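Q: Model the full structure from these sequences, guided by the hints.
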Amino acid sequence: MAPLEATERMKEASPESGKRTRTVRRRRLWEGLRPYVMIAPAMAGICLFVMYPVVYLIYLSFYKYNLMNKAKSKFIGLDNYHHIFTRGDFYKALGNTAAYTVGVVVLTMAISLLIAVWIGKKGRLNAALQAGIFTPHIISIVSVSLVWLWLMDPSLGFLNYVLKALGLPASQWLQSSRTALLSVILVSVWQGVGYYALIMVAAIRSIPTPLFEAAALDNAGKTRIFFRITLPLISPQLFFVLIIMTIGSFKVFDTVKIMTGGGPNDATNTLVYYIYSFRTTNIGYASATGVVLMAIIALLTLLYFRLLSKKVYYQ
Amino acid sequence: MVKRTISLAMTATLLAGLLAACSGNGGGSNAGNANAEGSSAPTASGSASGGGKTTVQFWHSVGGKNGEYLDALIKRFNASHDDIQVVGTFQGSYDETVTKLQQAVSAGTAPDVSMLERAYVELFADSDVLEDLTPYLEKSKMSADDFNAGLMGHSVFNDKLVSLPFNRSTPILHVNKTLLSEKGLSVPKTWEELKQTANAMVVKTNGEYSRYGLTMPYDTWYPIALISQADGKFFNDEHTSLGFIDNGIGDKVFQYLKDLQKTGALYYPPAQDSGNIVNQMFVEGKVAMMFQSTGTIGSLSGTVGFDYTTAFLPQDKKYASPTGGANVAMLAGSKHKDAAWEFLRYLMEDPDGGLQFILDSGYLPFTKKMAESQQMQDLWAKEPNRKVAYDQLQYAIDTNKDVAWPEIMHEFFSAIEAIMYDSKDIQSTLGTFKKETERILAE
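Sequences listed follow chains A and X, in order.
With the first sequence counted from 1, adding 64 to any position gets you our numbering.
With the second sequence counted from 1, adding 912 to any position gets you our numbering.
Hints listed in this document are in silico derivations from the structure and should not be mistaken for laboratory results.
Mixed in with the good hints, there may be bad ones.
[What the hints assert, rightly or not] Below, in silico cross-link-like pairs of lysine to aspartate or glutamate (EDC-like), each with a Cα-Cα straight-line distance of 16 Å or less:
id, chain 1, residue 1, chain 2, residue 2
1, X, K1230, X, E1104
2, A, K156, X, D1334
3, A, K136, X, D1040
4, A, K138, X, D1158
5, X, K1347, X, E1323
6, X, K1145, X, D1163
7, X, K1347, A, D153
8, X, K1230, X, D1314
9, X, K1346, X, D1158
10, X, K1198, X, E1094
11, A, K128, X, E1319
12, A, K228, X, E1120
13, A, K321, X, E1008
[To be verified] Stretches of chain X that chain A covers, calculated by requiring three or more beta carbons in the stretch to come under 8 Å of a beta carbon on chain A:
id, segment
14, 1004–1012
15, 1033–1040
16, 1157–1171
17, 1181–1193
18, 1312–1322
19, 1325–1334
[As the list claims (entries may be wrong)] Sample of chain X residues with no beta-carbon within 12 Å of chain A, all distances over it, derived:
id, residue
20, G976
21, V999
22, G1065
23, E1104
24, K1116
25, S1205
26, Y1220
27, R1257
28, L1271
29, K1299
30, D1303
From a predicted model like this one, the values you see are computed outputs, not experimental measurements.
Even for Gly, the Cβ is constructed at its ideal location relative to N, Cα and C.
A: Below you can see the structure in the form of structure tokens.
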């Protein structure tokens, strides 16, 4: 930058006025362009790896696409979308995804908030607890799913062994369409709680202590302190967690792929797994479903920002 | 500071313990595949060194022990051919290979020869990416009649010979004869006998089944076998709809299965990993009979501790069984077609090629010459269970051949799950399935 500025300064000093205006104009042009030049590398990446794939996805969704022989691809307009909205299994997958998302988000938020309040105070025991609770998050979801798959085996699994030992009726867990989705939710919550609890602990610890001291002086009860001080002051983090988790849950795939394969009888078939299952046979249909999923997530995020951002208390 | 060090140490110990536990568990189940993948790697490096050699890329889907047998075959081929180097690459399961092949074809990086699960052959042939092998066959003085007719069902597409059988199998009845003999029962030959025998084998203790009569993996293969036995066809002759719904055969087949399931005579396994689950149950004597691929005969006869025998799938109106396994095909985009054909010819004809692989692995001999060979006759004399599988081939029939089959299979699985897992009404479930099939076929 430095040598360039130096030459420009030299040009400014030149006595000829015509030349000078030209330099000024050139400088203005450069100043106008500079921000774009600066972000060009990042934008090139985004265009190549985000924009182009999205546009291509939308393009594919209008075709009965033949991956191997493009000459055999057929433009079919909105037929793929028409199929999506007339097929029962799409609504089933959508319903499962919604149920899964609500289940995971509500349970994870509630449990991690409880844990965060519980271990919010600094201390040796709390640090150890926090480490323990956080551990599931750093294990690969594949290992987690496999281990739970065995725990949940109806005849040989540990969970049913415990249930029977306690004199409770055993469950079919993943093998019955009534309990399968709940079982998958359970595993996701178990894996996610530690991470979100960590975010909330950090949030709670960032609340200025004089606020709590003042409340204590005023003889405020614990619940009152929680709802009037803690909750509003960590609302930005809660809001962030809510959005991240909703989007993440809508895209759930790995647990379903490993634990149930979408079954039994589509009981755990979620949108992304639904898209995946059409990968070899109908790329166009899978793309159209991908576009629908994108629209749903965009809509949800927009809705959250509209409705909830007013309730968020930014310091 | 001290506090932080302590908590850090604790975290680390916790993590280490958990990670160790997980990696130990995860590793065991994948060991077979990992081996196969590793063993094919060294061959790849050899291709660069041979100056005038033509390199033929070959993708396949057999891992584990069979993968080693196939690698040995490739090594034998390379040793006997100075001018051709075949590079075999294990690409995962049949489905994974298909997905990768689709992408590779569209990217122009497809191999010269690939293994293709037989039901996917039409999908590729329809996209015109498979080479017609008829002229090559003629050049080598071979003909389609050299092959076992029952295994050629997926080879011809629009009058073109687009693939040849290689590692093929059929479903067969596996029997724990020790258990049957305890009750003085013989191996069932008809649906009726199967029902009685399976029910007689059921043991119930404390309200739970501790032994079942019959089981089968979660697959479309077995319902299709039953449909053919009841004299039905999967697709109708015009390929516009299903051929087993309107004539009531679908109802009959699934009602038969549900009746068995109700009394514990049939254990229908969960979809995930069903093949291993039923094999395990059979080995442990928790089920007396099993519909399962011929490909398991080798490993079962090595592990079971009882009198183990195989038999034809029981008949209803007739004996019938679909076929499975994979074919080999040459990709039309190959640049070394003559070299690729030489490899295919070696697989089909040479005693060191296909025949040795079949003898090693236990897949079905696919040419008449192979079946008549002395080595095969000797093996059958020693292991009659394998001969039963070959003899059943005379009843082999595949009625689910269509370009749209992979897509329709997806719908069929949905119907099977609805009926077998959730006891949904058979008639209405099959009705929905038929409607979806007609829509797909009409496209």
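Q: For every hint, state whether the structure bears it out.
A: These are the hints, each one checked on the structure:
Between X:K1230 and X:E1104 the CA atoms are separated by roughly 13 Å; this keeps the pair inside 16 Å, and the hint holds. A distance of roughly 15 Å separates the Cα atoms of A:K156 and X:D1334; the hinted pair therefore holds under the 16 Å criterion. About 9 Å separates the Cα atoms of A:K136 and X:D1040, which keeps this hinted pair within 16 Å; it holds. Straight-line distance between C-alpha atoms of A:K138 and X:D1158 comes to about 32 Å, which puts the hinted pair past the 16 Å bound.
Proximity of X:K1347 to X:E1323 is assessed by CA-CA distance (about 10 Å); at most 16 Å being required, the pair is judged to hold. Between X:K1145 and X:D1163 the CA atoms are separated by roughly 13 Å; this keeps the pair inside 16 Å, and the hint holds. For a cut-off of 16 Å, the pair hint linking X:K1347 to A:D153 stands: about 14 Å separates their Cα positions. At roughly 24 Å between alpha-carbon atoms, X:K1230 and X:D1314 are farther apart than 16 Å, so this suggested pair is violated.
For the hint linking X:K1346 to X:D1158, the alpha-carbon distance of about 10 Å falls within 16 Å, and the restraint holds. Our distance criterion of 16 Å between C-alpha atoms is met by X:K1198 and X:E1094, whose separation comes to about 15 Å. Between the alpha carbons of A:K128 and X:E1319 the distance comes to roughly 13 Å, so the proposed pair stays at or under 16 Å and holds. For the proposed pair A:K228 and X:E1120, the alpha carbon gap of about 13 Å is at most 16 Å, so the pair holds.
A hinted pair counts as satisfied when its Cα atoms are at most 16 Å apart, and A:K321 with X:E1008 qualifies at roughly 14 Å. A stretch counts as covered by a chain when three or more of its residues have a beta carbon under 8 Å from one of that chain; for the segment 1004–1012 of chain X and chain A the count is 3, and the coverage holds. A count of 5 residues in the segment 1033–1040 of chain X with a Cβ less than 8 Å from any Cβ of chain A is obtained; the coverage claim is therefore met, three being the minimum. Closer than 8 Å: that is the beta-carbon criterion, and the segment 1157–1171 of chain X has 0 residues meeting it against chain A, so the requirement of 3 is violated.
Residues of the segment 1181–1193 of chain X with a Cβ under 8 Å from some Cβ of chain A number 3, which satisfies the need for three, so the listed coverage holds. With 3 residues having a beta carbon nearer than 8 Å to a beta carbon of chain A, the segment 1312–1322 of chain X meets the requirement of three or more and the stated coverage holds. For the segment 1325–1334 of chain X, the stated coverage by chain A is satisfied: 5 residues place a CB nearer than 8 Å to a CB of that chain, which reaches the threshold of 3. At roughly 19 Å, the least C-beta separation between X:G976 and chain A is larger than 12 Å, which holds for a residue marked as non-interface.
With a least beta-carbon separation of about 22 Å from chain A, X:V999 lies farther than 12 Å from that chain, consistent with its non-interface assignment. Separation of X:G1065 from chain A is adequate, the least Cβ-Cβ distance of about 20 Å exceeding the 12 Å criterion. Under the 12 Å C-beta cut-off, the non-interface status given to X:E1104 relative to chain A holds; the minimum distance is some 30 Å. Interface exclusion of X:K1116 from chain A stands, the closest Cβ pair being 14 Å apart, more than 12 Å.
No Cβ of chain A comes within 12 Å of the Cβ of X:S1205; the nearest lies about 19 Å off, and the non-interface call holds. Distance to chain A confirms X:Y1220 as a non-interface residue, since its nearest Cβ pair spans about 24 Å, more than 12 Å. The beta carbon of X:R1257 is kept farther than 12 Å from every beta carbon of chain A, the shortest such distance being approximately 26 Å. With a cut of 12 Å on Cβ distances, X:L1271 stays outside the contact zone with chain A, its closest approach being about 33 Å.
For X:K1299, the non-interface assignment is confirmed: its Cβ lies about 36 Å from the closest Cβ of chain A, beyond the 12 Å cut-off. Distance check on X:D1303: its Cβ is at least 34 Å (rounded) from any Cβ of chain A, clearing the 12 Å threshold; non-interface status holds.
The structure is inconsistent with the numbered hints 4, 8, 16, although it conforms to all the rest.
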